[in-house]
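Participant: Could you put the whole structure together from the sequences, leaning on the hints where they help?
One-letter residues, chain by chain:
Number of protein chains: 2
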Amino acid sequence: MIGAGRVAGHLSRTLNTAGHRIVQVISRTPQSARSLAEVFGCSWSVNVEEGIAEADLIIFSVRDDALQTLIRRLHPGDALVVHTGGSIPMDIFKGQARRYGVFYPLQTFSKERVPDFRKIPMCIEANTAEDEQLLLDLARQISEVVIKADSRQRLTLHLAAIMVNNFVNHLYVLAEQILEKEHLSFDLLKPIIEETAAKAFDPGPRKSQTGPAARNDKIVIEKHLDLLSWSPDIQKIYKVLTDSIRMEINK
Amino acid sequence: MIGAGRVAGHLSRTLNTAGHRIVQVISRTPQSARSLAEVFGCSWSVNVEEGIAEADLIIFSVRDDALQTLIRRLHPGDALVVHTGGSIPMDIFKGQARRYGVFYPLQTFSKERVPDFRKIPMCIEANTAEDEQLLLDLARQISEVVIKADSRQRLTLHLAAIMVNNFVNHLYVLAEQILEKEHLSFDLLKPIIEETAAKAFDPGPRKSQTGPAARNDKIVIEKHLDLLSWSPDIQKIYKVLTDSIRMEINK
Numbered sequence: 001m002i003g004a005g006r007v008a009g010h011l012s013r014t015l016n017t018a019g020h021r022i023v024q025v026i027s028r029t030p031q032s033a034r035s036l037a038e039v040f041g042c043s044w045s046v047n048v049e050e051g052i053a054e055a056d057l058i059i060f061s062v063r064d065d066a067l068q069t070l071i072r073r074l075h076p077g078d079a080l081v082v083h084t085g086g087s088i089p090m091d092i093f094k095g096q097a098r099r100y101g102v103f104y105p106l107q108t109f110s111k112e113r114v115p116d117f118r119k120i121p122m123c124i125e126a127n128t129a130e131d132e133q134l135l136l137d138l139a140r141q142i143s144e145v146v147i148k149a150d151s152r153q154r155l156t157l158h159l160a161a162i163m164v165n166n167f168v169n170h171l172y173v174l175a176e177q178i179l180e181k182e183h184l185s186f187d188l189l190k191p192i193i194e195e196t197a198a199k200a201f202d203p204g205p206r207k208s209q210t211g212p213a214a215r216n217d218k219i220v221i222e223k224h225l226d227l228l229s230w231s232p233d234i235q236k237i238y239k240v241l242t243d244s245i246r247m248e249i250n251k
Numbered sequence: 001m002i003g004a005g006r007v008a009g010h011l012s013r014t015l016n017t018a019g020h021r022i023v024q025v026i027s028r029t030p031q032s033a034r035s036l037a038e039v040f041g042c043s044w045s046v047n048v049e050e051g052i053a054e055a056d057l058i059i060f061s062v063r064d065d066a067l068q069t070l071i072r073r074l075h076p077g078d079a080l081v082v083h084t085g086g087s088i089p090m091d092i093f094k095g096q097a098r099r100y101g102v103f104y105p106l107q108t109f110s111k112e113r114v115p116d117f118r119k120i121p122m123c124i125e126a127n128t129a130e131d132e133q134l135l136l137d138l139a140r141q142i143s144e145v146v147i148k149a150d151s152r153q154r155l156t157l158h159l160a161a162i163m164v165n166n167f168v169n170h171l172y173v174l175a176e177q178i179l180e181k182e183h184l185s186f187d188l189l190k191p192i193i194e195e196t197a198a199k200a201f202d203p204g205p206r207k208s209q210t211g212p213a214a215r216n217d218k219i220v221i222e223k224h225l226d227l228l229s230w231s232p233d234i235q236k237i238y239k240v241l242t243d244s245i246r247m248e249i250n251k
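Chains as they are written, first to last, in my numbering: chain W, 1 to 251; chain B, 1 to 251.
Hints were generated in silico from the structure; no laboratory data involved.
Please note: incorrect hints may appear among the correct ones.
Pairs count within a copy or across copies, as identical chains cannot be separated in the list.
Mimicking DSS-like on lysine-lysine, the simulated pairs with C-alpha atoms at most 25 Å apart in a straight line are [what the hints assert, rightly or not]:
hint, residue 1, residue 2
1, K111, K239
2, K111, K94
3, K111, K251
4, K251, K218
Facilitator: As C-alpha cells, this is what we get:
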C-alpha cells in the first residue's frame, strides 16, 4: 500500500479483513507509514524505490499531484499496479509498468468513520482482460457493487460525486452560517437533510423538486435574497441555483 | 383545516391521531376537500366564508399567494387562526383575526411518504403569550422538537431549508443528468449521498469539506469543467460553488 491517508487506511484494513496480507506500507512520513504498518504487523518505508518484491498488487492511494512522480520512481516488476483515484486516467501508468489498472471506491472517507465497503461501488479498469478479471474478483470480495468503468466514465462518476458530496456539503456549511446569524441550531435541519437524501432514491430527484424556484414564487425569492444582503457570495449561489431550477422545470 | 395538499393532509392526520377532532376541511376543489374530509368523516366545503363556528383552531395550509385573499374572507370569531408557512409573517393576520399565530413544520412533505412528526421541528409564534403556550402544548403532542421562532427566525429557517432541500435536490438532478450521458446509474451515488448527509451531523459540515475545490486542485477542476462543456448551466454552477468553497477555506 503506497499512501497512508483516509482511502489507504480504510481500503488496506478492508482488504486485510477479507484475507489479504498487506506486506508493506509506504508513505511520505515515517509516522504515517509506521502507524498504518503497525495495524498489519508489516514493514514500512518512506521510499517508493524500496518497494519490496513480495507484493502481487501495488496500490497507489496518494494525492493526485504526487502520483506521477511516485510512479516514475517505482520498479513494479511483475506486480499489478493500480491507483484509487477518480480523476486520473489509467494511462498514467503507461510505459512505467507492464500490468496496471484502477481500483476506485466511489465514496467519501473520513478518519473517524468506519465505511461499509459492501455498499461502496468499486469501479474497475485494467490494461488487459486478465487483470481486469483479477481486479473485478478482488473487488467482489469486499463490495456487492462492482462495475467496469473506463477512464472517462470514472471521471464522470467522480464529477457527479463532487456535485452530491463537496457541493452539497458546502450548501450545508452555508446553511449553518445562515442559521448562526439568528442563533438557530443547525441540528434543526437534520430531518429535512435526511428526508432530502431519502427522496433522491424514492421517488427520485426530478419528482422531488419543490419550493419557490420550482413554482417561480418571486415574492419568497425576493424575501430570501433580502435576508441574505449580508453575503453577496451566498446571494450569488442562491440566484444561480434558482435560475437553474427554473430552467429545468421549464424544459 | 383549510387546504388539502401535502402539509394539510399529513398535519391533519397527525393531529387526528393525537386525539384531536378535525371538524371541517375546506379546499379549492370539491374533490380534494371531500377526499381529505372522508379520512375524518367530517364535513367539507370549497368556501372559506362557510367555515363552521365549532372549530377551536383554524389552520391555513394553502399556497402562499392564496393566503392573503382567503384570510380576508374568513370570519374566525373567537377561534385561534394559524398558518403553516415558513416565509409568511405572522402579521398577515393582523386586523383579520383577534387570536392568531404560526404552526410551521420544518420538513419537506410528499404525497407518497408518511412523515414521522415526532422528529420534525415545529416552529411556533402567536400574538399573545397565552396562545403561544397553547400552540407550544399542541405542538409537543405531535413532536419532540418544538421551538419558539419569530417571523424573521422562521424566514431564516425556511431559507436554510431551501438551501439543504431544494438546492441540494437540484444538484442531485444535475448529477443524474451527468451520469445519464455516460449511461451510468444514479443509484451508484446512493452510498455517497447518504454518507454526506450523515457527516453533516458527525463531525459537521465544516470539518467534512474535501475535494478539488477545498484543496485548490486546478487540474481536476479543469478536467471537470471540460467534461461539462455540453452544459454551460452546470459549468456555471460548478464554478460558482467551487469559488465559494475556496473562499470559505481561505477565510
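Participant: Would you mind marking each hint as holding or not holding in the structure?
Facilitator: Consistency of the hints with the structure:
Taking the shortest Cα distances, K111 and K239 never come within 25 Å of each other, neither inside one copy (35 Å) nor across copies (28 Å). In the homo-oligomer, the alpha carbons of K111 and K94 never lie at most 25 Å apart, since the shortest distance is 32 Å inside one protomer and 54 Å across protomers. In this homomeric assembly, K111 and K251 come within 25 Å of each other (Cα to Cα) only across copies, at 24 Å, whereas the closest approach inside a single copy is 42 Å. In the homo-oligomer, the alpha carbons of K251 and K218 lie at most 25 Å apart inside one protomer (19 Å), although the nearest pairing across protomers, at 32 Å, exceeds that limit.
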